[in-house]
Amino acid sequence: MLHFVSDKIFYESKVIQGNYLRSTNSSQISKAPGRLSRCISLLCVVYYVCMGHILSLADQSSSNNTTPEYLENLLTTNKFKEFITILQIPNTDLVNPTQRKVIPYDLFFYNGIFGGDILFRPGQILNEGEDFDFNVPLKLAINKWPNGVVPYYISKTIEDNQTSVINNEIEYTNRKLAPYINFRPYQDGDEDYVLFFRGGSGCYTNLGRVGGPQVISLDDLCLVKYFITHELQHVLGVGHVHNRIDRNEFIDLKIHNINQALKSQYEIYASDAFVNTGPYEYYSLMHFPVKVPGFDDYYGFELKQAGFNESKVGFGAYGLTPTDVQRIKTLYS
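The sequence shown begins at 1013 in the working numbering and counts up one residue at a time.
Since the hints were derived computationally from the structure, they do not count as laboratory data. Here the structure is a predicted model, which means the values were calculated and not measured. All C-beta atoms in this analysis are idealised placements derived from N, C-alpha and C, irrespective of residue type, glycine included. A few of these clues could be false.
What the hints assert, rightly or not - Cβ-Cβ distance ranges computed for the label pairs, FRET-style:
#1 Phe-1307 / Glu-1203: 28 to 34 Å
#2 Asn-1103 / Ala-1153: 20 to 26 Å
#3 Lys-1151 / Asn-1186: 28 to 34 Å
#4 Asn-1090 / Pro-1158: 32 to 38 Å
#5 Asn-1076 / Glu-1261: 49 to 55 Å
#6 Gly-1223 / Asn-1103: 17 to 23 Å
What the hints assert, rightly or not - For lysine to any residue, the following SDA-like pairs were computed, each having C-alpha atoms within a straight-line distance of at most 25 Å:
#7 Lys-1156 / Pro-1334
#8 Lys-1168 / Glu-1094
#9 Lys-1275 / Asn-1139
#10 Lys-1168 / Val-1236
#11 Lys-1324 / His-1268
#12 Lys-1316 / Ala-1329
#13 Lys-1156 / Glu-1171
#14 Lys-1324 / Gly-1306
Could you put together the complete structure from these sequences and hints?
And the structure:
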């Protein structure tokens, strides 16, 4: 385009030059080339300055569409398709309150998301598309946050009283995981950050740092003690304990009891976020409950070790346990 426009300017300049020469006498001809040359140079300078300004504005516009204010505006003005495109969310029902589905399971086990409450980005599951097998680990690409610093922004879609719950959970998480982790408010210039919002179906977030803005979606029922802390661990790159590659040593999976829509949530994951990060712990904040979500009469798995209270297994009756804390220290040391 630049070459075409430049040629056009030069072509028109030749026409101007010819017309000028035809309308002047011989004494003026010698002056024409110099004047026209200066005009052409000036036109070129103006053109390239204008084009540079236009391109600069385009780049600025492109970068601005990832700011929290821009994304927040998309939510409040119902521009959900653009929102899910930027955040790589598969469906508008995951962000649009008017499309919120009645979920027959616990909100943390929404069957519209592969990981229940984990929203994988395209390409994050490295062996995606292979035949489903509970004994073949999924290979994941998970990135940590540099220096353990995680910027966050709480959108206006969340009410003030709910914001205080989020802030309390963040404060609790920072206190328990210091000095390795620091969730801090968003600052101008932050490219990678977490956007809290209240949207459509389920409670979910991304696993690890995915680059650019990413989300924590919170339904009203998720805005309770320790649930948000659970999601914050996913943001840091930690998955569910029952998905660990060594889980079969500690739980006996009851595949026939698990609803087909929920089976993917009982996969095994192969990742540093699940292996070599401390002992397997039933009471971890990141462990699933023993019963199949929404089907309390059926066990999703049974504990292989005796002496544990089954009712305390599942999303942390005790908050972040020492094992949970040690896992983060190992990952972020």
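Taking the hints in turn, this is what the structure says about them:
1. Phe-1307 / Glu-1203: 28 to 34 Å: 42 Å Cβ-Cβ, so the 28 to 34 Å window is violated.
2. Asn-1103 / Ala-1153: 20 to 26 Å: Holds, at about 23 Å.
3. Lys-1151 / Asn-1186: 28 to 34 Å: holds (31 Å)
4. Asn-1090 / Pro-1158: 32 to 38 Å: Roughly 35 Å apart at Cβ, these two residues keep to the hinted range, so it holds.
5. Asn-1076 / Glu-1261: 49 to 55 Å: holds (50 Å)
6. Gly-1223 / Asn-1103: 17 to 23 Å: Check passed, 21 Å falls within 17 to 23 Å.
7. Lys-1156 / Pro-1334: holds (21 Å)
8. Lys-1168 / Glu-1094: holds (18 Å)
9. Lys-1275 / Asn-1139: holds (17 Å)
10. Lys-1168 / Val-1236: holds (18 Å)
11. Lys-1324 / His-1268: holds (24 Å)
12. Lys-1316 / Ala-1329: It holds: about 20 Å lies between the C-alpha atoms, which stays within 25 Å.
13. Lys-1156 / Glu-1171: Not satisfied, since the Cα-Cα distance of roughly 30 Å exceeds 25 Å.
14. Lys-1324 / Gly-1306: holds (17 Å)
The structure does not agree with the numbered hints 1, 13 stated previously, though it agrees with the rest.
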